[in-house]
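The primary structure of each chain is shown beneath.
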Amino acid sequence: MEQTCRKSGSACFRRGDYRFADKGMRRGNMQPDGQGARKTPVESKGRLKMRLKHFVLGTVFAAGAAVLVPSLASAADTIYVPLLTYRTGAFSGSGAPIANGMADYLNMLNERDGGIGGVKVAVEECETGYDTKKGIECYESIKNKNPIVINPYSTGITLQIIPKAAVDKIPILSMAYGLSASADGNTFPWIFNPPSTYWDGASVFVKYVGQQLGGLDKLKGKKLGLVYLDAPYGKEPIPLLEQLAKDYGFELKLYPVPAPDMQNQSALWLGVRRDRPDYIYLQGFGAMNPTAVKEAAKINFPMDHLIGNWWAGNEDDARPAGEGSKGYLSLDFNQVGQNFPVIQDILKHVVDKGKSQVTAKDRVGENFYNRGVLNSMIIAEAIRNAQKLTGKKVITGEDMRRGLESLNITEARLKELGMDGFAAPFRVSCSDHNGHHSVFMAKWDGAKWVKASDWIEPIKDKVVPLIDTAAKDYATSNAGWPKRSEACDKAS
Amino acid sequence: MDILYKVFIDPFMQMGAAPDLLVQTMWEGLVAGVLYALIALGFVLIFKASGVFNFAQGIMVVFAALTLVGLYERGIPAFVALGITIVAMYGLAFGVERLVLRPLVNQPDIILFMATFGLTYFLIGLGELVFGGEPKVMIAEQLYLPKGAIDLKILGGLVSLQKIDIAAAVIASIMVVGLGLFFQKTRIGRALRAVADSHQAALSVGISLEQIWVVVWFAAGIVALATGIMWGARSDVSFALQILALKALPVLILGGFTSIPGAIVGGVVIGVGEKLGEFYWGPLLGNGIESWLAYVIALIFLLFRPQGLFGERIIERI
Amino acid sequence: MFYREAGQFKTTYAADMAVFPVLQDRIGIGVILVVAFVALPLFGNDFLINAVMIPFLVFSLAAIGLNILTGYTGLLSLGTGAFMGIGAYACYKLTTIFPNVNILVWVIASGCFSAAVGALFGLPSLRIKGFYLAVATLAAQFFLQWCFIRVPWLYNYNSSGAIEVPQRTLFGLPVTGATATATTRYLVVLTIVVVMTWIASNLVRGRIGRTWMAVRDMDIAAELIGIRLLQTKLSAFAVSSFYCGVAGALMVFLWYGGAESEVFDINQSFFVLFMVIIGGLGSLIGSFMGAALIFILPIILRAAPEALGLPLRAATVEHLTFITVGALIIGFLVLEPMGLARLWQVGKQKLRVWPFPY
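Protein chains in written order, with the working numbering: chain A, 1 to 492; chain B, 1 to 318; chain C, 1 to 358.
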């Protein structure tokens, strides 16, 4: 290290003696027998410290080595469902309520019904911090415990695990996130992302704007902006929006937010003020969203022209902007509130018994909490399907895949689950692992989300061909991508 | 030819065409610069007095803001929480001096730098454990910080100045003036300057290095608290703020590591330069250049003046 | 008693100047190599090889690279993550443009790209020194990370901006992609790391290494005795970036299986810097030890509550891991500022005179 001496003359303390290569033997500091640097009294005392330290270190490392062997899977008659969550880091604002919802629903089933089909579900969270590295580490460590499904909850992590799913025979449920192209069940038999893809969402945005303007033909000449997180998640809707821009004649302006600058978006929104787009689609997550909404309010951008996708619809995204965020819209596919029998059951069996990690009772029923509940409902239903199809109680990953593929949530089933009106019915098929279902617009009224539109269908005839092309491109660019060899359980 | 036009002529024409946007951008740059400068101020304080490059300044900002908001959420009134936070920052300063600085006296700079890294990790874990990792809303109203904006209809358009930003600039200036007076007029301030000049000489006239270090880290903690309040009021309080602290490095480069006015000037230059660059030249490169523009500005500056605007000239002797 | 050199006489100059002059050292290295190449693949479980050993080797290589720059030449660099990224993306482009060439050739070649870019960003080092140079490398880090997202050619215009590793084979066995077994990948990484460590060891003990150390100690004096500063500093940057680039390519191709720009962010740079500092500046074995401690410790800490039966939540474990790692870093630096390699050296010295105290 460069040691620049700011003192005058020879008063500089030369810190050179610590340099490693010459082991402190400079300038006549040798011991008489040439065995090394002369030891001062301080150093001799240091030796005692060193011995103690060696002992402590040795014990720590021995203990550590002993626990390196991963623990065996838990009791034989449980179904292991790992949840990759993030309660730390910059995205924890979005991640924590989802994680709570997911865990609480499954725990509620354990408490209320004794599990699914009589078998308890072992829920385990693995903390990723929305970091791809940690996500892969989590995946590697839980792989050996026979998980039946993986919920990565991060597009970045999902992209990394997608190739491994078929090899390790563990299906991935990336509900409404992940790789949009993975809706193609024939190319991605092990990946499921109901009820809608990001491309569906973007097309709903365009459709909604068209509705507001009086028809899709009125889009010609308008400017639509996309404010997105500069990461794979954020870039997902770009291909579809570019295609729709060509088809309908509007101008698409892109505003990327680099992840380290998530809370420093003022220049970007000044650019929005300069360009004056008519409507903005917000594809953000985590700490990016509240800052974006605040900045939009600062430049007096009309809130009802700011539409976030379904991951920009957390209460914590709109609340910090205070009064200025009234009218902010967000896509949604689940309702908010505690007025559903299923949420009441969760409150009764899990939250009131202290088995939940929610910070306050009124956070049960928030948008993302209910999203997590929906995610777990999909898992539970798929487990039930798998149990029915195979006749086994304790299922494996392959069974779960078949269970997911035969997912068919009807209106009646929703009522049975206590989710009447909570979400729309949806189904997937062997070739379509998504279903491209409708979503609705939720409006922030200053205190909570209210349903502000009917269920809007995505522009399927634009989305589906793009997905097919994207899936084909993925398979060809990853040479050796296996063709689907898994059988389809029913005709679809 | 087209590229030359786009790079050198077009942005200036845009500036002229919409002067209100120019002023707005410069204002945003000024505000961001003031906040960077506050973080840099914490760095400068500690570097001046103990020669340690305190990488943990960023997390101290977050930790201070979290403590304040966390205490408030537990039901303590706002100004009492503020007082307790100040005491907590003193406790942190004391702990750091005892456990980190004292055992590592006289070690090379990079070791101390690494120790502050360890401190960063420690504070991240501790903050998340005690207060939870979710982002929180800064209690701006309860601290009587102004809300809303002043809209000036000038220059043919609208220039909107957020009142909280004005408050931030005012508070930052008060801090700088206050710290300047502290260093010039009080006994402890003189002692700090003596320690900054030479540890051995300061020791020989009877100045207790340890006490000075506690004072300095406490002062840096107060600065961190102010920064956390201001920045938290603008966006919100989360651990993403800690990464922003890295932006203070170019500020330090420009201003010099040991100069308080340098930190402010450097902060303003970097802030304004960054925002202007992103706004006018950003679209040419695809946007998002804010993440590296500040560093490149600092780098170019360094090539011409390696010690910064106000830093001490480095004289190397053999 | 066991580690004495008594009875081992050197009869040639070459033998006297050998890297491992003591027979016990050579036996020790042999044992380690046998354990690494033979015992671990045979007896280690999948998790150990896949999630512990492969990343440990990859990070050791990156730490060696950074050690060459910061430990041996004294130029603090915070751009390690970006240089690793260049290696990874270069390898990806090369292998997608020329899919039929052996992947190992491209892994090594990608290091050359990384070396070129590293030398370019090392040019300011002639003017700028110390912490200021760290800021210059930070500029490199953020700029290159921005390029990884903003230059679509780098990821073949993939809409998500992430790269997926295509399947490549070596001697008929798949060595990258999802079907490659952990053992195959581990052996390939191990071989590359062993060879490159041997090269690094020769470099730092040779003429180039001595010029690096001279520049580190006092560059003005080095210039006075005739060492060309620019060449030396640029060569340090180039070699260091080469190692980091190869480490990055290995990381993406043989460990992750894919990458996005976030993988090579500033935290990665800090991570490798930690390893170098804790392991010991200016020491190759220190790089290995630092990588082992910094990388494996959090894994142990995360697995410990479960193994000990403590019912802690995953997030709490994560928080405690951070606290413990931070406290341990400070603790280590207080107890042994010169890193683990110094501890190892002291330990060896003690062994030489054991059972006598000195």
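Treat the hints with care, as some may be off.
Said to hold, decoys possible - The calculated lysine-lysine pairs, modelled on DSS-like cross-linking and capped at a C-alpha distance of 25 Å, are:
| hint | chain 1 | residue 1 | chain 2 | residue 2 |
| --- | --- | --- | --- | --- |
| 1 | C | Lys93 | A | Lys472 |
| 2 | A | Lys326 | B | Lys163 |
| 3 | A | Lys460 | A | Lys246 |
| 4 | A | Lys326 | B | Lys6 |
| 5 | B | Lys48 | C | Lys129 |
| 6 | A | Lys443 | A | Lys207 |
| 7 | A | Lys220 | A | Lys460 |
| 8 | B | Lys6 | A | Lys253 |
| 9 | A | Lys448 | B | Lys153 |
| 10 | A | Lys361 | A | Lys348 |
| 11 | A | Lys393 | A | Lys169 |
| 12 | A | Lys169 | A | Lys145 |
| 13 | A | Lys393 | A | Lys253 |
| 14 | A | Lys120 | A | Lys326 |
| 15 | A | Lys223 | A | Lys207 |
| 16 | A | Lys448 | A | Lys220 |
| 17 | A | Lys120 | A | Lys169 |
| 18 | A | Lys223 | B | Lys6 |
| 19 | A | Lys451 | A | Lys361 |
| 20 | A | Lys460 | A | Lys223 |
| 21 | A | Lys207 | A | Lys393 |
Simulated from the structure, these hints should not be mistaken for lab results.
Note that this is a predicted model, so its numbers are computed, not measured.
Comparing the hints with the structure gives:
Proposed proximity of Lys93/C and Lys472/A is supported: the alpha carbons are some 20 Å apart, at most 25 Å. For the given pair, Lys326/A sits about 20 Å from Lys163/B by alpha-carbon distance, which is consistent with the 25 Å threshold. Restraint check for Lys460/A and Lys246/A: the C-alpha separation of about 16 Å stays at or below 25 Å, so the hint holds. Restraint check for Lys326/A and Lys6/B: not satisfied, since their Cα atoms lie roughly 39 Å apart, outside the 25 Å limit.
With a C-alpha separation of about 19 Å, the suggested pair Lys48/B and Lys129/C falls inside the 25 Å cut-off, and the hint holds. For the suggested pair Lys443/A and Lys207/A, the alpha carbons sit about 17 Å apart, so the restraint of at most 25 Å is met. Restraint check: the Cα-Cα separation between Lys220/A and Lys460/A comes to about 20 Å, which is no more than 25 Å; the hinted pair holds. With a C-alpha separation of about 19 Å, the suggested pairing of Lys6/B with Lys253/A holds against the 25 Å cut-off.
Our distance criterion of 25 Å between C-alpha atoms is broken by Lys448/A and Lys153/B, whose separation comes to about 34 Å. Restraint check for Lys361/A and Lys348/A: the C-alpha separation of about 11 Å stays at or below 25 Å, so the hint holds. A C-alpha spacing of about 19 Å is found between Lys393/A and Lys169/A, which places the hinted pair at or below 25 Å, so the restraint holds. Using a Cα cut-off of 25 Å, the hinted pair Lys169/A and Lys145/A holds, with the two alpha carbons roughly 13 Å apart.
A C-alpha spacing of about 52 Å is found between Lys393/A and Lys253/A, which places the hinted pair above 25 Å, so the restraint is violated. The straight-line distance between the Cα atoms of Lys120/A and Lys326/A is roughly 43 Å, outside the 25 Å bound, and the hint therefore fails. With a CA separation close to 14 Å, the supplied pair Lys223/A and Lys207/A stays within the 25 Å bound. For the hint pairing Lys448/A with Lys220/A, the CA-to-CA distance comes to about 34 Å; that exceeds 25 Å, so the pair is violated.
For the hint linking Lys120/A to Lys169/A, the alpha-carbon distance of about 22 Å falls within 25 Å, and the restraint holds. Between the alpha carbons of Lys223/A and Lys6/B the distance comes to roughly 22 Å, so the proposed pair stays at or under 25 Å and holds. Only pairs whose Cα atoms come within 25 Å are accepted, and Lys451/A paired with Lys361/A is accepted, the gap being roughly 22 Å. Between the alpha carbons of Lys460/A and Lys223/A the distance comes to roughly 23 Å, so the proposed pair stays at or under 25 Å and holds.
Only pairs whose Cα atoms come within 25 Å are accepted, and Lys207/A paired with Lys393/A is rejected, the gap being roughly 44 Å.
Comparing the model with each numbered hint stated earlier shows that hints 4, 9, 13, 14, 16, 21 do not hold.
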